[in-house]
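Colleague: Residues per chain, in single letters:
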Amino acid sequence: MIVFLLKRLGGTLVVMLAVTAIAFVMFNYLGDPVVAILGQDASESARRAVEQQLGLDRPITVRFLSYLADVLRGDFGLSYRLGQPVMDVIVDRLPATIELAFSGMGIALLIGVPCGVYSAIQRNSAGTRVLLGASLVGISVPTFFVGVVLIWVFSVTLGVLPSFGRGQTVDLGWWTTGFLTPSGLAALVLPATSIAVFQIAMIMRLVRAEMLEVIRSDYVQFARARGLPESRIYFRHALKNTLIPVITIIALQLGSLIAFAVITESVFQWPGLGLLFLQSVAAADVTIMSAYLILIAGLFVVINLAVDLLYFAIDPRLRARAGR
Amino acid sequence: MTRRFRTLGRHIRPKRTTSTAVAAVLALGVAGGAASADTLRIAGQGDIGTLDPQAQNSQITISVLSMVYEALVTRNEDLEMVPALALSWEPVDETTWRFELRPDVTFHDGSTFDAEDVRFTIERAQAETSQFANFVGSIASVEVIDDLTVEIETRMIDPLLPDKLGYIMIMDSGWAEANGVTVPQDLGNEENTYAVMNANGTGPYTVAERVPDTRTVLSINPNYWGEMADDIEEVIYLPISSAPTRISSLISGEVDVVIDVPPQDVDRLANTAGITTARSPELRTIFFGFDHASDTLRHGDAGGTNPFQDLRVRQAVDGAIDAETISRVVMRGLSQPTSQLIAPGNFGYEEDADVRADFDVERSRELLAEAGYPDGFSVRMDCPTDTYTNPEQICQAVSAMMSQIGIDIDLNLIPRAQFIPLLWEKDTSFFIIGFNTAYFDAMYVLETLLMTQTGEDGEGIYNYSGYSNPEFDKLVREARVELDRDRREQLMHDAFAIARADVAYAPLHTQTLVYAMREGVEVPVRPDNFVEIRWVTMN
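Residue numbers (the numbering used here), protein chains in the order written: chain A, 1 to 324; chain B, 1 to 539.
Hints were generated in silico from the structure; no laboratory data involved. All values derive from a computational prediction rather than experimental measurement. All C-beta atoms in this analysis are idealised placements derived from N, C-alpha and C, irrespective of residue type, glycine included. Fair warning: there could be bad hints in the mix.
Computed Cβ-Cβ distance ranges for the label pairs, DEER-style [to be verified]:
id: 1; chain 1: A; residue 1: Met-16; chain 2: B; residue 2: Arg-477; range: 57 to 63 Å
id: 2; chain 1: B; residue 1: Glu-471; chain 2: A; residue 2: Pro-59; range: 42 to 48 Å
id: 3; chain 1: A; residue 1: Asp-70; chain 2: B; residue 2: Glu-478; range: 51 to 57 Å
id: 4; chain 1: B; residue 1: Asp-410; chain 2: A; residue 2: Leu-136; range: 42 to 48 Å
id: 5; chain 1: A; residue 1: Met-16; chain 2: B; residue 2: Val-361; range: 57 to 63 Å
id: 6; chain 1: A; residue 1: Leu-305; chain 2: B; residue 2: Ser-111; range: 37 to 43 Å
id: 7; chain 1: B; residue 1: Thr-182; chain 2: A; residue 2: Met-16; range: 38 to 44 Å
id: 8; chain 1: B; residue 1: Asp-410; chain 2: A; residue 2: Phe-144; range: 28 to 34 Å
id: 9; chain 1: A; residue 1: Phe-144; chain 2: B; residue 2: Gly-226; range: 42 to 48 Å
id: 10; chain 1: B; residue 1: Pro-524; chain 2: A; residue 2: Leu-110; range: 47 to 53 Å
Computed footprint of chain B on chain A; a stretch qualifies when at least three of its residues, placed anywhere within it, have a C-beta under 8 Å from a C-beta of chain B [to be verified]:
id: 11; segment: 161 to 174
id: 12; segment: 251 to 257
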């Protein structure tokens with residue numbers, strides 16, 4: 001067990017080091033941060049002064065080592081665009097992204113799972129065909145298009161929901177939430193729906209496929225033979241076993257919703273990490289970009305590690321091999 | 001529908017105004033959806049970067065900050081220089097300007113504005129971390145004569161000193177010292193500084209709330225000394241980066257004004273009920289630049305030569321650019337073709353000279369042949385994709401026009417953050433560039449963009465093309481120390497005539513600025529793209 005864990009952690013460290021190196025290269029070749037700071041009209045002397053301020057005049061190896069040392073201390077530097085410490089900016093934006101990702105996933109589960117169960121039980125009904133057709137559209141339509149259509153219908157035409165921003169938020173000290181105010185909830189509806197569309201379709205198809213398999217299995221047939229009521233068979237026995245793979249996939253999807261909500265966040269001017277990343281790219285704000293890349297890599301490394309450990313706990317074969 | 005959004009808009013207010021917000025919502029209930037006149041919501045593409053008035057010389061940052069901070073001088077609606085924090089100014093001798101300051105002005109925190117604040121701010125603007133050092137570069141010293149008088153000594157004769165000081169927004173020296181912000185932020189020092197998120201100016205608005213990339217809420221300063229066209233209680237600046245969302249939010253009534261309107265949406269918005277647009281030619285000119293200096297093309301193939309050193313080649317390029325078509329097709333009419341390097345509205349612009357040579361492909365081909373390139377040559381054109389208006393389409397159109405005369409363009413479309421270093425390193429043979437004058441005066445373009453780069457007194461600091469003509473330099477040197485306005489104007493006209501004859505650059509057009517707003521709101525467009533809040537009215 002310990003050997004397995006150490007091996008995993010060692011791999012994790014290698015991955016993180018590689019990501020830091022890539023982030024640093026990005027730092028240097030994606031664009032000149034001096035442009036972001038000074039703009040087009042900058043004299044030679046002003047440019048040299050900024051390079052000196054930022055230490056850009058030192059050799060690249062020295063800069064990498066000092067960046068690495070800073071990052072290990074948890075110091076990602078100042079955002080060139082906003083003049084604030086990178087970690088402060090990221091911690092500020094995290095709640096918006098997390099709330100959006102969880103709300104989107106919540107909507108997707110509330111709609112996706114029942115639809116999946118229904119379409120598995122009533123596998124040939126007209127309703128199922130409609131649902132399957134709709135889910136195909138949901139999977140194929142790009143997210144930004146969904147966002148723009150939602151804005152057009154609900155903000156411009158009907159005028160019932162705001163098209164941008166997060167509404168009024170409540171500051172809990174360590175977290176700002178939009179869940180506690182009417183305007184915060186109203187602002188959440190369109191972006192959450194927009195990211196949910198793809199997830200609904202995916203979850204529905206996943207649940208349906210798993211459910212169809214489970215329904216055919218022996219224990220469901222036995223339950224039927226025992227004369228258990230249909231609802232008990234489907235929801236108590238079948239659905240429960242269906243959810244194991246579904247939960248694994250959902251956990252991974254949630255990770256990518258947090259990391260890659262870039263498009264939805266920019267369409268709705270949702271002040272989260274994705275929007276921050278996009279604006280940092282436009283301004284060549286490399287300190288933010290690098291930190292974002294490192295943190296997202298860290299997030300996925302942690303998710304994967306957790307999944308591996310879960311498998312280790314669940315699957316006796318893995319344990320037996322490690323014990324040998 | 002309007003009413004519902006009114007309520008949503010209300011929620012954007014900071015918490016401290018809860019009671020007024022409730023009152024306003026109640027009042028709306030009575031008024032029945034009529035637009036309330038106390039909050040103006042302005043949406044633009046990007047956010048302001050900082051509240052520090054000397055830390056970031058970017059358009060939107062200084063535009064919003066000019067509602068909070070003020071300079072010694074400002075502009076009226078005819079763009080003439082008028083008093084702001086200074087009452088009057090005059091030269092005492094050739095290198096000394098005396099400014100009489102406005103009495104009884106207080107900063108937002110209640111402290112009194114005086115001569116010491118002026119001296120402090122000018123020195124702050126000269127700091128290494130300031131981005132406004134160019135504007136105060138000619139200043140040798142600032143002497144406080146009494147509480148309301150300062151004398152500014154310049155290193156050389158500087159007729160434009162008052163114009164330049166229009167960009168130096170005055171801070172309170174006591175506030176700056178108390179909060180440890182006597183110099184603008186050092187980005188390498190990894191320290192957050194107070195002035196980035198806090199402000200204390202003399203302007204008509206105070207900063208009530210700032211959430212980066214979300215909103216900046218300004219609230220009216222009841223003790224403001226100056227005149228306002230209206231008394232809008234609250235101004236909210238909202239960055240909305242996605243263009244369709246920005247436009248939708250105007251149509252749906254969630255914002256009142258949009259300042260970055262994509263050209264393709266202008267006609268549609270102008271025809272939308274309840275929306276009006278305002279336009280003005282921008283003080284920015286777009287033109288093409290050549291590498292005059294290298295002996296062989298850095299990027300391209302012309303048999304080991306640099307064709308752009310030959311005047312006839314530059315004339316051929318200039319004559320083969322169909323600016324009218326670009327204005328009509330690419331810019332949808334939102335540009336004015338020009339033959340000049342500065343836009344109308346600048347002192348030194350000459351309307352009579354602003355006539356483009358006829359678009360003549362045949363003549364261009366002949367010129368190329370005479371210059372020894374009957375079969376043309378190939379060259380890389382560097383073009384940014386995310387600055388100016390429609391740069392990508394303009395460059396594509398000009399590439400096609402160049403191929404008409406045998407010049408084979410290898411179009412290099414890159415983001416601004418990669419493009420500008422090419423200019424800085426002079427690592428480009430053929431490029432597009434947009435340039436605006438800093439203080440409504442042609443001198444800025446003449447001395448920084450066109451003079452031979454000497455590294456002294458700002459001569460040619462932005463001369464990325466290597467253009468150099470001693471006769472031209474001589475005229476500009478004469479003009480920059482000429483205190484007589486008419487004589488100075490004549491000298492500048494003469495200098496432009498030389499640059500034009502040399503085809504130092506191939507001018508294309510001036511851009512048109514468009515603001516869109518809901519009916520009832522009037523935001524005049526200032527050609528330098530400053531949202532001048534003192535002129536705004538709404539009902």
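Colleague: Give a verdict on every hint.
Modeller: Hints and how they fare:
no. : hint                                 : verdict
1   : A:Met-16 with B:Arg-477: 57 to 63 Å  : 58 Å, holds
2   : B:Glu-471 with A:Pro-59: 42 to 48 Å  : 45 Å, holds
3   : A:Asp-70 with B:Glu-478: 51 to 57 Å  : 52 Å, holds
4   : B:Asp-410 with A:Leu-136: 42 to 48 Å : 43 Å, holds
5   : A:Met-16 with B:Val-361: 57 to 63 Å  : 59 Å, holds
6   : A:Leu-305 with B:Ser-111: 37 to 43 Å : 56 Å, violated
7   : B:Thr-182 with A:Met-16: 38 to 44 Å  : 40 Å, holds
8   : B:Asp-410 with A:Phe-144: 28 to 34 Å : 32 Å, holds
9   : A:Phe-144 with B:Gly-226: 42 to 48 Å : 44 Å, holds
10  : B:Pro-524 with A:Leu-110: 47 to 53 Å : 50 Å, holds
11  : 161 to 174                           : holds (count 7)
12  : 251 to 257                           : violated (count 0)
Hint compliance for this structure: hints 6 and 12 are broken, all remaining hints hold.
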